[in-house]
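Enquirer: Residues per chain are reported as follows:
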Amino acid sequence: GENVEQHPSTLSVQEGDSAVIKCTYSDSASNYFPWYKQELGKRPQLIIDIRSNVGEKKDQRIAVTLNKTAKHFSLHITETQPEDSAVYFCAASRGSTLGRLYFGRGTQLTVWP
Amino acid sequence: GAGVSQSPRYKVAKRGQDVALRCDPISGHVSLFWYQQALGQGPEFLTYFQNEAQLDKSGLPSDRFFAERPEGSVSTLKIQRTQQEDSAVYLCASCPGHSGNTIYFGEGSWLTVV
Numbered sequence: 001g002e003n004v005e006q007h008p009s010t011l012s013v014q015e016g017d018s019a020v021i022k023c024t025y026s027d028s029a030s031n032y033f034p035w036y037k038q039e040l041g042k043r044p045q046l047i048i049d050i051r052s053n054v055g056e057k058k059d060q061r062i063a064v065t066l067n068k069t070a071k072h073f074s075l076h077i078t079e080t081q082p083e084d085s086a087v088y089f090c091a092a093s094r095g096s097t098l099g100r101l102y103f104g105r106g107t108q109l110t111v112w113p
Numbered sequence: 001g002a003g004v005s006q007s008p009r010y011k012v013a014k015r016g017q018d019v020a021l022r023c024d025p026i027s028g029h030v031s032l033f034w035y036q037q038a039l040g041q042g043p044e045f046l047t048y049f050q051n052e053a054q055l056d057k058s059g060l061p062s063d064r065f066f067a068e069r070p071e072g073s074v075s076t077l078k079i080q081r082t083q084q085e086d087s088a089v090y091l092c093a094s095c096p097g098h099s100g101n102t103i104y105f106g107e108g109s110w111l112t113v114v
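Here the protein sequences line up with chains A and B, keeping their order. The numbers in this note's numbering rise by one with no breaks, and the one at position 30 of the first sequence is 30. The numbers in this note's numbering rise by one with no breaks, and the one at position 83 of the second sequence is 83.
To be clear, the hints were calculated from the coordinates, so they are not data collected in a lab. Small disclaimer: the values here were computed from a predicted structure and weren't measured. Worth double-checking, as some hints may not be accurate.
Said to hold, decoys possible - Below, simulated DSBU-like cross-link-like pairs (lysine-lysine); rule was C-alpha separation at most 30 Å, straight line:
| no. | chain 1 | residue 1 | chain 2 | residue 2 |
| --- | --- | --- | --- | --- |
| 1 | A | 71 | A | 58 |
| 2 | A | 58 | A | 42 |
| 3 | A | 42 | B | 57 |
| 4 | B | 78 | A | 68 |
| 5 | A | 71 | B | 57 |
| 6 | B | 78 | A | 42 |
| 7 | A | 42 | B | 11 |
| 8 | A | 71 | A | 22 |
| 9 | A | 58 | A | 68 |
| 10 | B | 78 | A | 57 |
Please construct the entire structure, taking both the sequences and the accompanying hints into account.
Expert: Right, dumping it as structure tokens:
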């Protein structure tokens, strides 16, 4: 099955700085890569996703890049704000079984004002 | 409803007790998933339904875990003879069912086995 590794496990940045979280995956058949933000006690919320026919996708302060050859993808948050503080999870799945997501172990992001 | 709804939100069970966790997916969503999230970990897949058909139950950790979705809408995850290692958040998710659709998670049911 798929194995998703996520780094770092914790990340602290100053407000306004950028944050980068990296994930690798093992199954070359994976072609859908979502990122979820989860605040304490809340549901995981999709913040951005990318499919394997695209190398980069951006939505305001958030961007995701994908390198299929190296089997890694990254989340980039620019101009971080305290409300960005949360646990971020990367995930991977095959298109044929879209909902069976394989998650990384999460990154606790803390943005200091 | 506006989103995926789960109940109960919090459940404390004594070891050996049976528990039932309910999920109301977004109306009209064909696909429904159950995930287990242990403290400090990412969610792990348990099982998947398409309408009333359970197409994948390979993630269920033991035969004490059983899920059903008899009418293709509400789903119940049942855990028999609960053990301490069953303590986790159980997340339900749904999506319309077509390739490329977003998966929506519920708030989860927090199970503590004492």
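Enquirer: Check the hint pairing residue 78 (chain B) with residue 68 (chain A) against an upper bound of 30 Å on the C-alpha distance.
Expert: Not satisfied, since the Cα-Cα distance of roughly 39 Å exceeds 30 Å.
Enquirer: Are the Cα positions of residue 71 (chain A) and residue 58 (chain A) separated by 30 Å at most?
Expert: holds (19 Å)
Enquirer: Regarding the pair residue 78 (chain B) and residue 42 (chain A), is the alpha-carbon distance no greater than 30 Å?
Expert: holds (22 Å)
Enquirer: Given the hint that residue 42 (chain A) pairs with residue 11 (chain B), does the C-alpha gap stay at or below 30 Å?
Expert: Roughly 16 Å between the alpha carbons, so the hint for residue 42 (chain A) and residue 11 (chain B) holds.
Enquirer: Does residue 78 (chain B) pair with residue 57 (chain A) here, judged by a C-alpha cut-off of 30 Å?
Expert: violated (40 Å)
Enquirer: Quick one, are residue 58 (chain A) and residue 68 (chain A) close enough, alpha carbons at most 30 Å?
Expert: Roughly 18 Å between the alpha carbons, so the hint for residue 58 (chain A) and residue 68 (chain A) holds.
Enquirer: Does residue 42 (chain A) sit within 30 Å of residue 58 (chain A), going by the straight-line distance between their CA atoms?
Expert: Within the cut-off at roughly 25 Å; holds.
Enquirer: For the pair we were handed, residue 71 (chain A) and residue 57 (chain B), check the Cα-Cα distance against 30 Å.
Expert: Holds, at roughly 27 Å.
Enquirer: Does the alpha-carbon distance linking residue 71 (chain A) and residue 22 (chain A) stay inside the 30 Å limit?
Expert: Since the Cα atoms of residue 71 (chain A) and residue 22 (chain A) sit roughly 11 Å apart, the hinted pair holds (cutoff 30 Å).
Enquirer: Given the proposed pairing of residue 42 (chain A) with residue 57 (chain B), does the C-alpha separation stay at or below 30 Å?
Expert: holds (25 Å)
Violated hints, in rising order: 4, 10; the structure is consistent with all others.
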